[in-house]
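S.K.: Generate coordinates for the entire structure from the input sequences, incorporating the hints supplied.
Each chain is listed here by its residues.
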Amino acid sequence: MSALTGRRVVLHDMTLRDGMHPKRHQMTLEQMISVATGLDDAGVPLIEVTHGDGMGGASVNYGFPLHTDEEYLRAVVPRLKRSKVSALLLPGIGTVDDLALAVDCGVTTIRVATHCTEADVSEQHLVAARKRGLDTVGFLMMAHMTPPEALAAQGKLMESYGANCVYVTDSAGYMLPDDVTARIDALRAALRPETEIGFHGHHNLSMGVANTLAAIERGASRVDASAAGLGAGAGNTPLEVLVAVLSRMGALHGVDLYKVMDVAEDLVVPMMDHPVRIDRDALVLGYAGVYSSFLLFAKRAGERYGVSSRDILVEMGRRKTVGGQEDMIEDAALDLARRARGE
Amino acid sequence: MKKVKAAIIGSGNIGTDLLFKARRSEWIDPVWVVGIDAASDGLARARQLGVKVTHEGVDGLLPHVDGDEVRIAFDATSAYVHRENARKLQERGVRMIDLTPAAIGPYCIPPVNLQAHYDSQEMNLNMVSCGGQATVPMVYAVSRVQPVEYGEIVATVSSRSVGPGTRKNIDEFTRTTAAAVEKVGGAARGKAIIIINPAEPPLIMRDTIHCRTVDAPRQAAIEESVRQMIKEVQRYVPGYTLKNGPVFDGRRVTTFVEVEGLGDYLPKYAGTLDIMTAAALRTAEMFAERMVKEGRS
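Protein sequence lines, in the order shown, are assigned to chains A and B.
Last residue of the first sequence: 343 (my numbering), numbering continuous.
Last residue of the second sequence: 640 (my numbering), numbering continuous.
Note that these hints are calculated values from the structure, not bench results.
Bear in mind the structure is a predicted one, so any value in this text is a computation, not a measurement.
Any given hint could be a false lead.
[Unchecked claim] Under the rule of at most 20 Å between Cα atoms (straight-line distance), these lysine to aspartate or glutamate pairs were calculated in the DMTMM-like manner:
(1) A:Lys81 to A:Glu343
(2) B:Lys526 to B:Asp592
(3) A:Lys299 to B:Asp592
(4) B:Lys511 to A:Asp97
(5) A:Lys131 to B:Asp592
[As the list claims (entries may be wrong)] Stretch-level coverage of chain A by chain B, calculated; a stretch enters the list once three of its residues show a Cβ under 8 Å from a Cβ in chain B:
(6) 17-29
(7) 87-99
(8) 107-121
(9) 126-137
We put the beta carbon where it would ideally sit given N, CA and C, even for glycine.
M.R.: What follows is the structure in structure tokens.
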């Protein structure tokens, strides 16, 4: 018997959305389809598909994808037997028009993501999702940057706009299990009992699985994970490892362990452009609390301007940047290069 | 010299900051402030400054338009209210400077197209958005040198400078700003991104402007054009500065700017709002100058 014996938990796959970051949004339709159908066959109930920065993320700032959100969604959704598809939307990047497009493509879950203190920019999109009868999720990013009670107040706002599930999102992979426990507890105390709580982890401090377990133990019923951990920074909570651990703990997740292992090993690992692991830059993200998607941008800017990518990431932390501020990476690199020249 | 009398509709942050700036103007005399809440801080301040106020909305102003010779009105209310205000005031010959997202009239980004609007004597001009005022001049600085196939702007603003109206309808910001990047900036296709950052102390507005040129960028000409445009904007927003760039990376041309406000009514970090009020005032002044010179005030 464990604390999780008999607990039901919905696993939400991130391979085809957060996993777009280490792929520089260049996944092919064939790769998307093969991974999605593999996950479907393994019994993963929910799969997210979009640009890494959500609907409308195609940009100079975040990278242009190989295909549009619409092309990816129309390729994947019709091929799934049981799994449902979700789309991510960041207000300020995507709009309600993108949400409507996702629904037209067959998406049934919309996740509206804001920085952990700015939930009120999600009203327009959460209301629209609720009105359409969608599974409506609020996604509070960089949740380590605000104390538990303040986070809970933001979650309540999202609930008031129509979210039936609110996420604690550890975008920087900064949290330790106690940080997760405190935030899930605060949300659980603030939200209506029927409102679900979710957790999204990054593995920058190797805490993906441990944090996810802490979240489930305190009442999270949806958790994000990614096959072979494919995701920004050192990746997300590795799905196949989480499934193995949850199985041993007796939690009810409905996913076939061997099949997700095979998706990870046979499909996802071969398509990695670089090993998604805790290298020193990813470790800095977790240590300094910096947005995981900055990783490759910092490496590229570091090379281009002859400065250390680690220094760039630390500077991004010092500037108190939040998710989406990829433009400031080149700005920081230029400043650091100028400083190094003694100007 | 005689100044042109103006009314400010809306007694919130924008209206009040505008009042502070307009009182220093050589050409504009703000004589009325219109609000809807008798107890508002903005109306109290206006009253203290000796400006006439009404809390009955634009209907409270209408009976005085002719008697007080109000020729220009700034509207800092909401898109919905602006439509009504514009109808009522324009039929009395009052020129409207629209700071709401209503955009009944054409977009006005002073250093880019104010002269053209001035020549055509537009009666209603829309000031786009704070992000538009801060970034469209930089898109234009590239597109006036050579064709731009794509323009993308990223506006990062402090959480404290974003009011509830913008938050409730953030899509309006991204749509309006993207449209201005195309229509005024001259990019064939435009995209706008807004990021709200809650850091304390609040960060000063930062904007990143990416352009993709059709052909290889003519670097020296673009650098000179950007330098000139920065100076143009600095004429009415002294805290508008080039932080980095232009960076040339293939056909990508990127400039990084910062917008520090004057700190009139709003704190300096709210350059995001300041650039709106300063641009609106600059627009009004251009028309006022002609009115005064032609003796039509």
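S.K.: Could you tell me which of the hints above the structure violates, numbers in ascending order?
M.R.: Hints 1, 2, 5, 6, 9 contradicted; others consistent.
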